[in-house]
Each structure stands twice: as structure tokens, then as C-alpha cells.
Amino acid sequence: MRSLYLLLFTVALITGACSPDGGSANNDGDLSDIPYSPQPYTIPKPEHFPEVPVPKDNPVTVDGVQLGRRLFYDPILSADSTMSCASCHLPAMSFTDGKAVSTGIDGIAGARSSMSLLNIAYATNGLFWDGRVKTLEEQALIPVEDPIELHHTWPQVIDQLRSHPEYPALFRKAFGIGDRSEITKELAAKAIAQFERILISSGASRFDRFEYYGEIDALDDEEIDGKLMFFDEAQGIGINLPDAQCFHCHGGITLTGNQYFNNGIDSVGSLSEFKDPGRFRATGNPSDQGKFRAPTIRNIALTAPYMHDGRFQTLEAVLDRYSSNRIGAPNQDPLTQQVGFPIPGSDPVRYTGLTAYQKRAIVKFLHTLTDTTFIHNPDIQSPY
Amino acid sequence: MKKLLLPLLLLPLFAFFTACENDDDDNEVGVITLAFEAQYDGQQMEKYKNYDYNGFPLQFSRFHTYLSDVELLRAEGGSVRLSEIDFIEFTPDDAPNDVSAKVYRTIAGIPPGEYAGLRMGVGVKPSLNAKNPSDFNPGHPLYLESEYWSGWKSYIFTKIEGRGDQNNDGTQDLFVVHHYGSDPVYRTYTFNQPITVSASGNLPVSVIFDLKQIFTLENGSPYDLPANPQTSHNQANISIAEVIVENYGRAIHVEQ
Numbered sequence: 001m002r003s004l005y006l007l008l009f010t011v012a013l014i015t016g017a018c019s020p021d022g023g024s025a026n027n028d029g030d031l032s033d034i035p036y037s038p039q040p041y042t043i044p045k046p047e048h049f050p051e052v053p054v055p056k057d058n059p060v061t062v063d064g065v066q067l068g069r070r071l072f073y074d075p076i077l078s079a080d081s082t083m084s085c086a087s088c089h090l091p092a093m094s095f096t097d098g099k100a101v102s103t104g105i106d107g108i109a110g111a112r113s114s115m116s117l118l119n120i121a122y123a124t125n126g127l128f129w130d131g132r133v134k135t136l137e138e139q140a141l142i143p144v145e146d147p148i149e150l151h152h153t154w155p156q157v158i159d160q161l162r163s164h165p166e167y168p169a170l171f172r173k174a175f176g177i178g179d180r181s182e183i184t185k186e187l188a189a190k191a192i193a194q195f196e197r198i199l200i201s202s203g204a205s206r207f208d209r210f211e212y213y214g215e216i217d218a219l220d221d222e223e224i225d226g227k228l229m230f231f232d233e234a235q236g237i238g239i240n241l242p243d244a245q246c247f248h249c250h251g252g253i254t255l256t257g258n259q260y261f262n263n264g265i266d267s268v269g270s271l272s273e274f275k276d277p278g279r280f281r282a283t284g285n286p287s288d289q290g291k292f293r294a295p296t297i298r299n300i301a302l303t304a305p306y307m308h309d310g311r312f313q314t315l316e317a318v319l320d321r322y323s324s325n326r327i328g329a330p331n332q333d334p335l336t337q338q339v340g341f342p343i344p345g346s347d348p349v350r351y352t353g354l355t356a357y358q359k360r361a362i363v364k365f366l367h368t369l370t371d372t373t374f375i376h377n378p379d380i381q382s383p384y
Numbered sequence: 385m386k387k388l389l390l391p392l393l394l395l396p397l398f399a400f401f402t403a404c405e406n407d408d409d410d411n412e413v414g415v416i417t418l419a420f421e422a423q424y425d426g427q428q429m430e431k432y433k434n435y436d437y438n439g440f441p442l443q444f445s446r447f448h449t450y451l452s453d454v455e456l457l458r459a460e461g462g463s464v465r466l467s468e469i470d471f472i473e474f475t476p477d478d479a480p481n482d483v484s485a486k487v488y489r490t491i492a493g494i495p496p497g498e499y500a501g502l503r504m505g506v507g508v509k510p511s512l513n514a515k516n517p518s519d520f521n522p523g524h525p526l527y528l529e530s531e532y533w534s535g536w537k538s539y540i541f542t543k544i545e546g547r548g549d550q551n552n553d554g555t556q557d558l559f560v561v562h563h564y565g566s567d568p569v570y571r572t573y574t575f576n577q578p579i580t581v582s583a584s585g586n587l588p589v590s591v592i593f594d595l596k597q598i599f600t601l602e603n604g605s606p607y608d609l610p611a612n613p614q615t616s617h618n619q620a621n622i623s624i625a626e627v628i629v630e631n632y633g634r635a636i637h638v639e640q
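So the sequences go chain by chain: A and B.
Each residue of the first sequence is one higher than the one before, counting from 1 in my numbering.
Each residue of the second sequence is one higher than the one before, counting from 385 in my numbering.
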């Protein structure tokens, strides 16, 4: 009998020593000895930014963000442990990957470019380029099992997380689970979503300083001209610069309304000819063929190449395209036909497009949107 | 005497509860449903459908509007406010087809009775238009960044977009972008239409916006869209918007 007690005591010592906090995540899965005291995470945002939308069933907490950050950067989410969310969403590129289209663990190229996650918390009108999911929680579930992305399975990921030396305790702290068997893909997605909700602009870009903090020297004259054309503010103050029509799709504080447009970059005879159906994939509405969500223009200088398929390498190429006023598709947004000044006497009314100077000024303005404080924020970097 | 005592004691109680029932009737609360609808010439509007506009095909791709201070008007004077601000999106991004959305709003807690009409402001009333999306919480109609124009420090009250084939040559090359905003083009309209509200609910009150009428002048002639396909962004020149908003009074119909 004394031997049995000794054996039990030894086992208890060993399991205790192996648990993450020197405590309670023992092999039987019980986590209840680990303190659970969630602290609200105050999402830092510039004063001039709107309140960050947070769903009631996933409040942002300190431990939730910490767990989400680890998961976001952890290649455990991919089948061969080589890629993580961050492989296609790098902070230095405003959480894009610098490629025309992203490539998964099997070397298979996808069809679309990695979207910036900057201010993604404000994207409440659908996610991905086509808006096929509504919430960050739903979105975070998809890349793990996508065969051209992380190509893993959630049951396997959950097994790995449950048997991991550290994750069970982190899930306990974030969500109050009592046992490692309670780790689910839904909780993992919630944690990732919490981390993504803190990816908010710092408000320190030159544009912000000029526009919202009264630093009139933050932009030079050419950049101001670009801003006036971007937002079509010139005519109202008696300056003879045309409307570049940018702000209709890229307006507001976050410089996107997160709406869906066909911007006319593909020339097709009928709606069914689009190579990528875009928004149609989410709604099933044929007239949504070739429409995509307008991305934020903040940090746009860091997120080349551009468009849903990365077809334009530079901002200059983007401006050239829009300046052409080319008719591309039956459901093309009419605003993409009205760049420049109206041409007197044209019938129907045609537009001049932009001069070389005007395009250059707009590109210079776009560079003032770069927020280096954000991309260097230590709270959003890899914890590894 | 004792036999009479109990009925005597109960009588005042009976009278009291009877009176309370009457009070309950007076305090009855009603429910009203407003059904907002976009039409073209009396038919429910569909996106990308060709409509005849002054002899050429015209189609619409976007139509939405803000409404302020939607109120029921009492016959004896005064009003009951149904909403302070609302965003009516006839062409939402998530529609499964091109038929414009009927937008329903059900408001409870309205005193039942017969009302003389409906009053509403088309656009964002000045006191709210002085604010911007950062002043509102997520989910509020004025939180929408896509509907705010920082250049004018104004919400875009109404957006109507589409394209037409003014030369009838098979090419939709007339691009219509009409965005109206800023305090000078905010208008309030009154619609004299008897409206019944009861506790059990009534037929919805239809509020119909007819796009053909929006682009029809008071003298019945069509507005010259080919000459003015885009509203000016010059805040000192809002002549197009000023013309169009005057048409709303004839273009909006209220029915029950």
C-alpha cells in the first residue's frame, strides 16, 4: 500500500512539473486550477477614428488577443507546419504578402491577392474580396482547410492544440475552458479575430497629421493637389483640378466603405465572361459578376501589387487605368467613367482623364497614407 | 347586516377595477409598419433593367437615401415621431437578385388612432449632418463611412447611379451619378394620407419612391439627364441637386 501512495505521489509530481504554468494543465486535461480572470483589452485607436465594432459574443480581452496573436503567427495551423496566417499577411506589408496571388503549402497559387488586414475590424460588410463571409470569426476558419492555402484539417489542428504544452493554458486564460478537451476551432477563430481587431491605424500618417491634427506642413503642395483630386475638393475652393473619383469607393476615415464594385478593369462582352466571378460567388446574383470589395487605401504604398489578382505592379499603373475612362463591362461602376474634367460639347458627356502631373500628384498623396507607426507596433508583431 | 357588509365592501373594488379597465384601453399602444419601396413608373424597380426615359433606355445600379424625423401627423395637430434618422437601402450589396429591396420598419409603442398623414425629411437633418461617422456607434445609420463625404463635411443624403443609352445605339454610355448632400438640399415633405394605427397592427404604410418622377420636372417634362449625368462636387454649385430634391414631393407616394 505504501508503494502505491509513493507511485501516485511521483506521478503527481511529474505531471505537475510538465504543465505549462508549473501547475494544472495535467494530462487528464483539467485546467480549472489555472486562474481565469479576463481583462478587457482597450483597442488603441486614433481619436478621429470611429468606435471599433466588436461582437457581443466575442469581447476583446488581453488574454484573447495574446492567444490570437500566437495562433496567427503559428505554423501549427498548416498541415506541414510551414505556413501561418502571417505567411500571407506580413506586418511590414500592412498585412499583405507582396505577391500578385498568394501560394499555399503545396505550392499551388490561388486566384486572388492577399488583402490588407489594416482596420479590418471595420469591415462589417463582408470579408474576402467577394464578401462571402460576414465576420472575422467565420473568416478565420476557412484558410486552414483550404487546399490551396494551409491545407490542414481542423480536427487535426485541434488535436495538436489540445496536446500542446502551452496552448491549453492560453485557451483557459482567454475563454475560461475547464478542460483541454474544450478547445475548439470556434474558440481558435475567436482568438484570431480578437487579434485582428486590434490591427488599427495609429493615426500618425502624414495624411492624418495634415487632415485631422492641423499640421499644414505635413503635406507639400503637390501632395495637397493629389488630395484635392482624390477627394474632389478642388472645385469647391476655386482650384482648377479635376475629380479623380477615388473617394467614392475609398472614402471615410478608413478610406474604404467596404462596398462592392466592378471597376472596369476587365473588358467582357457579357457578365458570364469574367474569369473571376467576384461578388457573384457570395450572392449568386449574376449582376454581381466581376465585383470586388474596395480595399482600404491606407498604407496602399506598402501593399503592391494591386487589384484582386495583383495585375498592376505600381500605383502609377493603377492611375493610368482609371484615368483611361475605359468601358470594360456591362455592370461597370459609372464613376470609373468620369475621371477628369467633362469634355465640352461631348455627347454623351466624356471626361478628360488625368494629366501626367495630376496622376503623379495623386500617387504622391497616396504615399502620405503610409503609417509606419502601425507596421512597427510591437503589439502586433510575431511573438516567436 | 353582516350579509350586506361583504357586497358593500366589494362594490368600491369592483368600481375601481372597472375604471382600471377603461384606463387600459386609453393606454393601449399601437404598432405601425412602414414599407419603403423603389419604383420606376409605378413598377418595382430592378437594377440593370432598361426603362424608357424620354425615349432612350435607362437603368439603375444604386439607389439609397437617408430620411430624418419620420413622423405621423395627428389630425388635431402635433405629431408622433417614428424615427429620427434612417438609412433606406433599396439596392443592398447582399441582394440575391436585381429586384430592389422593400425595406420594412416596424415601430411599436405608437398611440392608436386615426392620423392625418406622414411627414419626413429626405436627407440628414442639419443637426445630425453637423456630425460625422466617428460620432456614432457601430450599427447606427450615420456610422456608415461610405455615406459620408469629408470634402463637404456632409453625409451623402441620396445616391442614384445608373447608365443609359441616350443614342439608342446599343451602348450604355451615359453614366449617371447623382449624389445629393449638404444642408441646403435637405427638404421636409408632408403627405396628407389618412393612416390608421391600432394595437393589433394594420396594413403597412407604403412609402414609394418613384425614380421616374424624381427625374421629372414640375411641368411634366423629363429632367435633362444626358446634359447633367453627374452632380457637381462644387459646394457652391448645387443647382442639379436643388432641382431634383424639389421633385421628391411628387415622386414620393404614401399609401395604406
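Hints were generated in silico from the structure; no laboratory data involved.
Check before you lean on any hint, since a few could be wrong.
Straight-line Cα separation of at most 30 angstroms, DSBU-like style, residue types lysine-lysine; simulated pairs [to be verified]:
#	chain 1	residue 1	chain 2	residue 2
1	B	486	A	134
2	B	433	A	56
3	B	537	A	45
Query raised in the report: Is it true that the CA of residue 433 of chain B sits at most 30 angstroms from the CA of residue 56 of chain A?
Result: violated, 40 angstroms
**Report entry** Distance restraint between residue 537 of chain B and residue 45 of chain A, which requires alpha-carbon spacing of 30 angstroms or less
**Finding:** holds, 21 angstroms
Query raised in the report: Given the hinted pair residue 486 of chain B and residue 134 of chain A, is their alpha-carbon gap at most 30 angstroms?
Result: holds, 22 angstroms
Going through the hint list in order, the structure does not satisfy hint 2, though it satisfies all others.
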